[in-house]
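One letter stands for each residue in the lines below.
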Amino acid sequence: MIRRRADFSLSPAKTLWLLLAQALVIAPHAPRLPMWITLTSIAIAVWRYLASRWQWRAPGRVTRILLLALALAGVLASYGTVFGRDAGVALLVLALSLKLLELTQLRDVMLYLFLGYFLITTSFLYSQSMALAGYMLVVVLILTSALMVVSHPAREARIRPRLRQSASLLLQALPVALLLFLLFPRVSGPLWNLPKDAHHGITGLSDSMSPGSISQLSRSDAVAFRVDFDGEPPANAELYWRGPVLSHYNGETWSAAPPRRLRRSEFHVQPPGVHYTVTLEPHNRLWLFALDVPGSIPNDSYLTQDYQLLARQRVEQRLRYSVTSYLKHTEGARLSHYERRVALQLPAGENPLTRALAQRLRASSGNDAGLVAAVLRMFRQQPFVYTLNPPLLPTHNGADAFLFNTRRGFCEHYASAFVLIMRDAGIPARVVTGYQGGQYNPIGGYLIVRQSDAHAWTEIWLRGRGWVRVDPTAAVAPSRVEVGIEAALPNEAPGGLVFSHNSLLRHVALMWDSLNNGWNQWVLGYDNNRQTRLWSQLGLGNASWQWLASALALTVSGALIVLFGYLTLRQRGANRDRVRDAYQRFCRKLERRGLARAAQEGPLDYVRRVTRARPELAGRARRITQLYIALRYGPTPNAAQLHKLRGLIRRFRVRRVRR
Amino acid sequence: MHPLTQAIVKQACKIIVGKEQQIRQSLACLLARGHLLIEDIPGMGKTTLAHLLARLLGLQFNRIQFTSDLLPSDIIGAAIYDRAGATFSFHPGPIFTQLLLADEINRTTPKTQSALLEAMEEHQVTTEGETRTLPEPFFVIATQNPAYHAGTFPLPESQLDRFLMRIQLGYPDRWAERVLLQGKDRRLLIDELEPCAEPAELVALQLEVEKVHASDALLDYLQSLVEHTRRNPRYNTGLSPRASLALLHSARAWAFMEGRHQIVPEDLQAVLPAVVTHRLRHDTTAADDGATIAAELLEEVPIP
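These protein sequence lines are chains A and B, in that order. Numbering follows my numbering, with no gaps: position 255 of the first sequence is 255. Numbering follows my numbering, with no gaps: position 41 of the second sequence is 41.
Accuracy of the hints is not assured; some may be wrong.
Per the computed footprint, the stretches of chain A lying under chain B, defined by three or more beta-carbons under 8 Å from a beta-carbon of chain B, are [as the list claims (entries may be wrong)]:
hint, segment
1, 598 to 604
2, 623 to 634
Listed next, with one range per pair, are the computed distances between beta-carbon atoms [unchecked claim]:
hint, chain 1, residue 1, chain 2, residue 2, range
3, A, LEU106, B, LEU245, 41 to 49 Å
4, A, LEU560, B, HIS261, 38 to 46 Å
5, A, GLY565, B, GLU299, 41 to 49 Å
6, B, ALA295, A, ARG588, 25 to 33 Å
7, A, ALA598, B, GLN182, 48 to 56 Å
8, B, THR131, A, ASN638, 32 to 40 Å
9, A, MET110, B, ARG281, 33 to 41 Å
10, B, GLU299, A, GLY619, 45 to 53 Å
11, A, GLY565, B, ALA295, 45 to 53 Å
12, B, PRO110, A, ALA598, 54 to 62 Å
13, B, PRO302, A, LEU106, 50 to 58 Å
14, A, GLY619, B, TRP175, 33 to 41 Å
To be clear, the hints were calculated from the coordinates, so they are not data collected in a lab. A virtual CB, placed ideally from N, CA and C, is assigned to each residue, including glycine.
Given these sequences and hints, build the entire structure.
Take a look at the structure:
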C-alpha cells in the first residue's frame with residue numbers, strides 16, 4: 001500500500017474562496033440544469049468545505065471512478081445523450097464538482113480553476129447579453145483571485161490584495177482584448193458550428209396558426225426586433241410588419257403554402273419610400289420582417305410568390321438588414337390560376353353557417369368592396385369582443401361557433417373568420433401574420449417590436465387593385481392598431497417595466513433597452529463587414545484577411561518581444577532571485593516526499609539531512625547544492641552555471657518511497 | 001577543510017578531548033583577529049587550551065594571573081630609573097607577547113581590566129607619553145569565572161563587546177574524562193607537540209580569511225538576524241554594528257577553515273552562539289542561558 005503524506009492541503013479559508021468561484025461559475029447554468037445536478041454540486045461543495053475543516057480523507061480511486069460513471073449515466077438519463085450543448089454543459093458542471101473530490105496537489109486546483117474559466121465561457125452559448133458579459137467579467141475576476149489565493153504560500157486567504165491584483169491584471173488585458181476584438185479577422189458566420197440543440201426554445205411566430213397561437217405569443221414581452229428609421233417613423237396604424245403568409249386551412253389550423261420563389265413581379269410603388277434598418281433577434285426561422293412589401297431587399301434573401309421576405313438560412317444569430325418599403329403600392333394585379341386556387345381553398349363541409357352568412361351578404365351587397373364593408377360593419381356593430389382570453393372553440397365548425405356563438409376572440413379569430421367569409425363569397429383571400437406597431441424608444445430613437453406585438457390580419461384580392469390589406473381586428477378594437485396592444489387590452493396585456501405607468505420606471509427600462517441595443521449594434525453586431533469598413537478607414541481596405549492576420553500576429557509578437565527584452569534587462573539584477581527560485585523548486589520536489597526544508601535550515605544542513613534520509617539521491621542533491629551555493633553565495637555567478645542548475649533541478653526526480 | 005587548520009584542530013583534539021567545536025571556534029576567533037573570552041568554573045581546561053594554541057601556532061606565550069591587587073603597570077610594564085645611565089628606561093610588561101592568557105580577568109579591579117582591554121582594542125600601549133606597538137599577531141585569551149562566584153568584578157557590557165567570541169568549555173563527557181584520566185599529564189603532552197605553523201604563516205592566513213566572499217544573500221541573512229534582536233522586545237538591547245562586523249569576520253574565518261571561498265548560512269550559524277550570546281541579554285533573567293538565546297534566534301529567523 002502506498003501511504004502518501006499530506007502533500008498539499010487547502011486551508012478552509014482558501015477552500016471557501018474556491019467554492020465561491022465555483023458557485024458563481026455554475027449559477028448562470030443552474031436554472032437550465034436538472035435539479036439533481038445542482039443538488040449534487042452543492043452537496044460536494046459542502047463536503048469539500050467540511051473535509052478541509054476537519055481533515056477528512058478524500059474518497060479513494062474506486063469511489064471516484066464510480067461517481068464519474070454515475071454522473072455520466074445521470075446525464076445520459078436526463079438528456080438522452082452526452083453530446084450537444086445542454087448535455088455537454090451538464091457534464092462539465094458535474095466534472096467540475098467531482099474534481100473537488102481529488103484536490104490533492106496544487107496542480108489539481110489549477111486544473112479545477114481552468115475548467116471554471118472554460119465553463120463560464122460556455123454561458124455565451126446561451127446568451128450574449130450585456131448583463132451576462134458583465135457578470136462573466138466579475139466571475140473571471142473572482143476566478144483569477146482564487147488562482148492567486150491558492151497559489152499564495154500563506155495559509156490564510158487574504159482576499160482584498162488578491163482582488164486588487166487580479167483586477168489590475170484584467171485591466172492590463174483589456175487593451176489587448178479590445179485590439180483583438182477590433183482587429184482579429186472575423187470569418188463570416190460563427191467560428192465553430194454550434195451544437196444542433198443550440199437554438200431550441202426560442203419564441204416567435206410559426207408557419208402555422210390555430211386559434212390561440214398568437215394570443216399565446218402576445219403574453220411574452222421578449223423583443224422580436226428593433227428598427228432604426230431614417231427620418232420619422234410612420235404612424236402606428238401603418239406599421240404592419242409582414243411575416244408568414246398562411247393560405248391553407250384544414251378546418252382548424254392555417255398553414256403556409258410551400259414557398260415558391262417570385263418569378264415575375266407585379267409590383268408598383270409610389271414614392272416616398274421609408275428607409276430603415278432592422279436588427280432581428282434570432283428566431284430560428286427564415287422570415288425577415290419588413291413593412292408591407294419591401295421595395296428593395298437585403299442580401300441573402302428573396303421574395304416568394306405571396307411576397308414573404310425569406311432569408312436563405314435560418315436566422316440563428318442576431319441579424320441586421322436595411323430595407324426600403326413603400327407604404328403605397330399595388331401588387332399582384334393579375335392572379336394566376338394556381339394562386340387563385342390556393343387563395344380560395346376551403347375544407348369541404350365545414351362551417352355551413354358561415355357559408356350561408358357569406359352568401360347572404362354577397363347577395364345584399366353590390367360588389368366585392370361592398371361585401372368587405374358589410375363584414376367589417378358586422379364586426380363593428382354586433383357585440384364582438386377583442387380579448388386575449390377567448391373561450392375554446394370546437395375543432396369542427398369553429399368559425400360558426402365564433403361568429404354566431406362566442407363572439408370573443410383575438411386577432412387570429414377575426415382574421416381567420418374574415419378570410420373564410422371572403423373565400424365562401426368567392427373572393428381570393430389569405431391570412432398574414434407578423435407584428436403590428438411597436439414601441440418607440442425616444443432615448444435611443446428606435447422602435448422596439450416585441451412578441452406581444454404579434455398580430456394576424458388578412459389580404460384579399462380585388463380585381464383591378466390586386467392584393468389589399470384588410471385588418472378585421474381594427475374594426476373590433478381600433479386602438480389595437482392605432483396605439484398598441486397595451487391600450488386595447490389594458491388589463492390583459494403583458495406587464496413589464498416598459499409598459500409601466502410610472503414614468504421614471506418606464507424611463508429606466510427604456511434606457512436599459514437602449515443600452516442593450518447599443519451592445520447589440522456595436523459589440524455583437526461587429527461582424528466582418530464592419531471590420532472591413534474599419535480596415536478601409538485605416539487604409540487597409542484591399543488587404544486580405546490572411547494578410548491582416550499575419551500582420552497582426554507579427555505586430556503582437558514583435559511588441560511582446562520588445563516587452564520581454566525590456567523586462568529581461570530589468571530582471572538582470574534579479575539574477576540571484578532566479579537562483580533562489582530554482583533552488584526553491586528543488587526544495588519543493590523534496591518537500592512533496594516529506595523532506596521539507598526548514599526556514600532556518602542552510603543548504604548544507606539540508607542536503608546532509610536529505611542524504612541521510614534518501615542515500616540514493618546523494619550525488620545529484622549534492623551537485624545541485626554545490627552549484628546553488630556557488631551561484632547564490634559565491635562571488636561571480638554566471639549565466640551558464642544558472643542554466644546548468646536549472647537543468648539539473650528540472651531533471652531531479654524524487655520517487656515515492658514504498659513503506 | 002583547509003589543510004593547515006585541519007591539522008591544528010586534529011592535534012588539539014588529541015589533548016583536549018571531546019571539545020572540537022570549542023577548539024574550532026577559538027581558532028576561528030584567532031584567524032578573525034579577535035580576542036577570546038572563556039567563561040567557566042576553574043579546572044575545566046581553560047589554561048590548557050590557551051597553552052595548546054600557543055604551542056601549535058608557535059606563538060610566544062605569556063600568562064597573567066589577575067588578582068584584586070594587580071595594577072595596570074603590572075601588565076603593560078613600567079619605566080624604571082636606570083642608575084648607571086641616569087635615565088628612565090621602559091621595562092615592557094607581560095602584555096608584550098603574541099598570545100596572552102589573562103587568567104580570571106574578573107578578579108581584578110575595573111581600572112586594571114580597562115588597561116588590558118584598551119591594549120587589546122588598539123594593539124598598542126601608551127605609557128609616559130610614548131606609544132609602543134604590540135607584536136603581531138596579538139591574541140588575548142581571557143578567562144573568567146561565572147559572575148556569581150565570590151570576589152569578582154563582572155566585566156561591563158561595553159568591555160565584553162571587545163571580545164569577538166565568548167565560549168564555554170563545559171564538563172567533558174564520560175568517555176572524554178576517562179581518556180583524560182588514563183592519559184599522561186596534559187602539560188607534558190603539550191610540550192611534546194611540534195608546532196604546526198609559524199607566526200608569519202598565521203598572519204598570512206589572517207589575510208586570506210579577509211578575502212572570503214560574503215554575498216548579498218548572505219548579508220541579507222546576517223542583517224535579518226541582527227534586526228531581529230533589535231526589533232524583538234524580548235531582548236534588552238539589540239546587537240550593535242560592531243556585533244554585525246564580529247559576526248561577519250567570524251563567519252569568514254569559519255568558512256575559510258571549512259575550505260570555502262564564500263560564506264554560507266551554516267558558517268554564520270556555527271559562529272553565532274559564540275559571537276552574540278555575551279552581547280545579548282534577555283529581558284527575563286530566567287532564560288539567560290547563552291545556548292538558549294542563540295538557538296531561539298536561529299530558530300526564529302528564516303534564511304532569505
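Here is what the structure says about each hint:
1. 598 to 604: holds (count 6)
2. 623 to 634: This one holds; 5 residues, not fewer than the three required, reach chain B with a Cβ under 8 Å.
3. LEU106(A) to LEU245(B): 41 to 49 Å: 43 Å, holds
4. LEU560(A) to HIS261(B): 38 to 46 Å: This hint holds: roughly 41 Å between Cβ atoms.
5. GLY565(A) to GLU299(B): 41 to 49 Å: For GLY565(A) and GLU299(B) the Cβ distance comes to about 44 Å; the hint holds.
6. ALA295(B) to ARG588(A): 25 to 33 Å: 27 Å, holds
7. ALA598(A) to GLN182(B): 48 to 56 Å: The hinted range 48 to 56 Å is violated for ALA598(A) and GLN182(B), with Cβ atoms some 41 Å apart.
8. THR131(B) to ASN638(A): 32 to 40 Å: Once the Cβ atoms are compared, 49 Å apart, the range 32 to 40 Å for ASN638(A) and THR131(B) is violated.
9. MET110(A) to ARG281(B): 33 to 41 Å: 50 Å, violated
10. GLU299(B) to GLY619(A): 45 to 53 Å: 31 Å, violated
11. GLY565(A) to ALA295(B): 45 to 53 Å: Given about 48 Å between the Cβ atoms, the range holds.
12. PRO110(B) to ALA598(A): 54 to 62 Å: 44 Å, violated
13. PRO302(B) to LEU106(A): 50 to 58 Å: The hint (50 to 58 Å, Cβ to Cβ) is violated, given that PRO302(B) and LEU106(A) are roughly 21 Å apart.
14. GLY619(A) to TRP175(B): 33 to 41 Å: The hinted range 33 to 41 Å holds for GLY619(A) and TRP175(B), with Cβ atoms some 34 Å apart.
In this structure, the earlier hints numbered 7, 8, 9, 10, 12 and 13 are contradicted, and the remaining ones agree with it.
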